[in-house]
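Protein chains in written order, with our numbering: chain D, 1 to 536; chain H, 1 to 164; chain B, 1 to 179; chain L, 1 to 243.
Some clues are possibly wrong.
[To be verified] Listed next, the in silico DSSO-like pairs over lysine-lysine satisfying Cα-Cα at most 30 angstroms (straight line): (1) B:Lys-102 / B:Lys-80; (2) B:Lys-71 / D:Lys-532; (3) H:Lys-150 / D:Lys-58; (4) B:Lys-70 / D:Lys-532; (5) H:Lys-7 / D:Lys-238; (6) L:Lys-228 / B:Lys-80; (7) D:Lys-484 / B:Lys-71; (8) D:Lys-260 / H:Lys-150.
I should point out that these hints are in silico values taken from the structure, not numbers from a laboratory. Because the structure is a prediction, the values reported are computed rather than measured.
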Amino acid sequence: MHPEDLAEKAAQFRAEEAAIKREVRVCMAASCQSSGAQPVLTALTEICGDGKGMCHVKGVGCMGLCSAGPLVAVADKDCDLADSVLYRDVTPADAPDIMQSVCGAPVERLRCSTEQPFFARQQRIVLENCGLIDPDSFKDYVAVGGYSALVKALSEMTSTEVLREVTTSGLRGRGGGGYPTGLKWSTVAKTPGAQKYVICNADEGDPGAFMDRAVLESDPHRILEGMMIAGYAIGANKGYVYVRAEYPLAVERLQTAIRKAKGAGFLGHRVADTQFSFEVEIRLGAGAFVCGEETALMASIEGLRGQPRPRPPYPAEAGLWGCPTLINNVETFANIAPIIRNGGAWFAGIGTEKSKGTKVFALAGKINNTGLIEVPMGTSLRDIIEQIGGGIPDGRAFKAVQTGGPSGGCIPAAHLDIGVDYDSLKTLGTMMGSGGMIVMDDSACMVDVARYFMEFCMTESCGKCIPCRAGTQQMHGLLDTIAKGEGTRADLALLAHLCEVVQATSLCGLGQSAPNPVLSTLRYFREEVEAKLVGE
Amino acid sequence: MQQPQPKPPSPSEDKRWKLVNATMRRHGYAAHALIETLHSVQEAFGFLDEIALRFVAESLDVPLSKVYGVATFYHIFMLKPKGRHTCVVCTGTACYIKGADALLAGIHTRYDINTGDTTADARLSVLTARCVGACGLAPAVVVDGDVFGKLTTDSLITKLEALD
Amino acid sequence: MNTKKITVATAWLDGCSGCHMSFLDMDQRLVELAQWIDIVYSPLVDTKELPKTVDVGILEGSISSEDDLKKAREFRQHCKLLISLGDCAVTGNVPALRNQFKLADVFNRAYHENVTLQPQIPTCDVPTLRVPVKPIHGEVAVDVFIPGCPPPADAIWYVLSELIAGRMPNSSAVTRFGA
Amino acid sequence: MAQPAPLSTVRVVTLTIDDRDFSAREDETIIEVCRENNIPIPSLCHLDGLSIWGGCRLCMVELEGQTRLFAACSTRVTEGMRIQTQSERLRSYRHTILELLFAERHHVCAVCVSNGHCELQWLAQKCGVDHVRVPYRQAAYPVDSSHEMFRIDHNRCILCTRCVRVCDEIEGAHTWDIMGRGTDCRVISDLAQPWGDSTNCTSCGKCVQVCPTGALVKQGTSVGEMVKDQHFLPILARRRHAQ
Chain D
1 MHPEDLAEKA AQFRAEEAAI KREVRVCMAA SCQSSGAQPV LTALTEICGD GKGMCHVKGV
61 GCMGLCSAGP LVAVADKDCD LADSVLYRDV TPADAPDIMQ SVCGAPVERL RCSTEQPFFA
121 RQQRIVLENC GLIDPDSFKD YVAVGGYSAL VKALSEMTST EVLREVTTSG LRGRGGGGYP
181 TGLKWSTVAK TPGAQKYVIC NADEGDPGAF MDRAVLESDP HRILEGMMIA GYAIGANKGY
241 VYVRAEYPLA VERLQTAIRK AKGAGFLGHR VADTQFSFEV EIRLGAGAFV CGEETALMAS
301 IEGLRGQPRP RPPYPAEAGL WGCPTLINNV ETFANIAPII RNGGAWFAGI GTEKSKGTKV
361 FALAGKINNT GLIEVPMGTS LRDIIEQIGG GIPDGRAFKA VQTGGPSGGC IPAAHLDIGV
421 DYDSLKTLGT MMGSGGMIVM DDSACMVDVA RYFMEFCMTE SCGKCIPCRA GTQQMHGLLD
481 TIAKGEGTRA DLALLAHLCE VVQATSLCGL GQSAPNPVLS TLRYFREEVE AKLVGE
Chain H
1 MQQPQPKPPS PSEDKRWKLV NATMRRHGYA AHALIETLHS VQEAFGFLDE IALRFVAESL
61 DVPLSKVYGV ATFYHIFMLK PKGRHTCVVC TGTACYIKGA DALLAGIHTR YDINTGDTTA
121 DARLSVLTAR CVGACGLAPA VVVDGDVFGK LTTDSLITKL EALD
Chain B
1 MNTKKITVAT AWLDGCSGCH MSFLDMDQRL VELAQWIDIV YSPLVDTKEL PKTVDVGILE
61 GSISSEDDLK KAREFRQHCK LLISLGDCAV TGNVPALRNQ FKLADVFNRA YHENVTLQPQ
121 IPTCDVPTLR VPVKPIHGEV AVDVFIPGCP PPADAIWYVL SELIAGRMPN SSAVTRFGA
Chain L
1 MAQPAPLSTV RVVTLTIDDR DFSAREDETI IEVCRENNIP IPSLCHLDGL SIWGGCRLCM
61 VELEGQTRLF AACSTRVTEG MRIQTQSERL RSYRHTILEL LFAERHHVCA VCVSNGHCEL
121 QWLAQKCGVD HVRVPYRQAA YPVDSSHEMF RIDHNRCILC TRCVRVCDEI EGAHTWDIMG
181 RGTDCRVISD LAQPWGDSTN CTSCGKCVQV CPTGALVKQG TSVGEMVKDQ HFLPILARRR
241 HAQ
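Throw the hints in and build the complete structure from the sequences for me.
See the structure below:
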């Protein structure tokens, strides 16, 4: 298949719905569903009926502003979120008014401004289709240009050219480590081996992070497209998506996407009538945070206990079943199609010098606009929290923002003006992580927060290596003693020493980064910690 | 040339074993299908008992201790039957900040059960999850598969009381 | 050379006195030792009160009761340098094995199940037991550790000689847990 | 995991360990080279003849030009590698790791049948661990004496998995595995049932011999009487891999 054929197909799909002028989009991502989006969708669909062929109601993916869900957008066909009339906190009882507004004046009492910074300040690349297309519809995806990157790569580019574009883009792994994606791909491509694998890490385990889930639920084909392009570039014909079992909706939509892509000839034997074949299988996680670690994840796919193994050898050399394996996370794969479509140089033009492109963040905690946002790398934390996030509720003061989940740390108000990218966060003693941002107000006790994360690491430690298994336990005990006001200066010194040992000697990333929340607390909130010590 | 291990008969007439067998067949009875198979046993029967673990071990030709090691490594697998209703309290960071602890304490006060326990009348099991991904709705709870957000102890207890 | 002798105090808390026996096992070296140290308080001598300042305190046994804790704190307060002598003092050892059980069960086993005549739990004039049993350094700071069950007389000799010579001893060179 | 197959054309590399020059085959790991040359590197999970585990982290070494530490048991030597095995930092970390082990379960040496013949005890002395700074965890673990010849005392287990690996890789029975996660991990036979009830244990006793502590011992031994004998392992391992 050639790009023109696909373009023709897309045009045909659009023509099928040419009569439809207006759309009512109901957010059907997990968050809005939990707020009652399904009855809203049912009520709207009932009233709309056939919409005289001019209007239809459809369920779409995440629109981002989860705190205002269920969200409904009324827009001209093909208009994006910013140009739509957005309604918040919708109930089934509002359905008649909303349908009335499709051809008339907006319902002001439900109105949610799309001009507010939350929407206006975002730049959507990964999330460009989220909230616009029906995630279960193959046609919807193709109509907005889906699979054109894949067809372009397969028909017009050599694998080396694909590698070059990805390298040029400067894309870095969105799972947290920030390893250059192009370099990773090239390494796997160079490693000899008849059988290679592509793995999509969708084991989004950081508490407070739901970026990957939203992408899987809103735009699943994009992940398949990214994986296939990767497979083509490195010479793999088999892929696995390792998804958390806690995300049933994401799994369901991914399954539908795989089935439909296969049915349309865009997955499986001879993808899009080319010589390239690619199979994708879903593997369910089973509630083990450590499986986000590459080697543990592969062990889990192999049906074993998800315990990491020493590296080297790296997965690129000896990964799944000993074969060269490429592992990237959901957001990384979601960036691939736009990069191939628009060129690596286009992508490299966005973001900061060393961190290119955009980053999706999940805003949660004590902040007005909780939800999902996508901003260019380098956007300041202050912008994210005060503008996009809408500030702190209940008139309280900002105290800290936690990034990077259990591997990250807390950033105090003094550093809010820093632009967010991989390296700046590292200098602050935290990390990008997968993109969770938990905002805390002045009521938060930082020792308690550090203890919470240590408890997390302790219960998620796989138990293989001693520093992580026993060290996190001891650190948790010490934090507990300090939080209760029974700790001494000697306890604090011991805690700091354990942080160093666990960081330096643990086998995998979980243990190596487990002390980070404690270290950042000691760095920025030492006085608060010391005030809790006995005799201080 | 080694003969492939003959497949054991299903432990009982229960039709649900067909689902389990189907999963194993789909993966060619390969040892690496262990986790997928355990998922399908749990989906069919609600939990993994000794009969099921032995059957899976024999079918996939995986040592018993390995099966048990895997089943106890992953927190999703339950080795005990759950109550008729399950209430999963999210303890992700956002929910923690917004008071998940208070919800658990409320459940403990009302039903006298801790995380992982089931009430004596087998009506309700209480579990915790590491982030159900509904951080925007914190604190969130999953009751029988449905997510409820922005809960208080009172509104959660009311919800749980309303279950049959 | 110092003309004034080093003052030494010893006590046994929850231990079997084996470490003190090991101390006596230094045999003829005790005579030599007597040139350098004065034992000012110990079950081995007849003093009733711990002097205000002591150069070296030696504790045998773990902290299992309120009395043990009191004695350990007293030693820490009065002694310039505190030594944990033997595994019970250093790790909790055998006394700490009871940490695996509920205190009530321990009492039951000791005073009911294993007693044939008039089983009863003593309540008068016995110190209250603490939970959990801890090594000495679990409650007060300790400067020198001599593990062993009991530490050999040679090890005790070595540590004391080093201290007399004004050096910090390395007990791992001469003894270990369970030695 | 199987042993890495020997490379077809194995080259010899030169390297320095603690500022002394050595040469080694490039398919060797750092710990192998150190042991051949009598350079002491502590380890409780590594055993010549068993697969690499990398769990005890005691064999961490410093490599010149690298900020992070490397486990000697799982890192292969390369040309020009400069290795430090005994820095002050490494000593301090090893010391702490051993303390963490002692605090995790009940290693009461004085009443242990392996007293005097225990690798953990021996290493503690070697590394100068004369007391444990972190609090003891005080969790009670079971003792399983159901096997007619052997006994497992989980209180003395350090989860090195030597028993699991020798049973799987050398004996081929895979009676043992690990259950649970984190500090709740425990060595189990079959479905965490009494060892004596295991249907596939061959009572070969290899697990007992490779156990570094007093966790796996022979029945009927008294304090200090359990002496382990591991000389069989490299021989069996060689023959297994030659098959």
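>> Tell me the hint numbers this structure goes against, listed in increasing order.
In response: 1, 6 and 8
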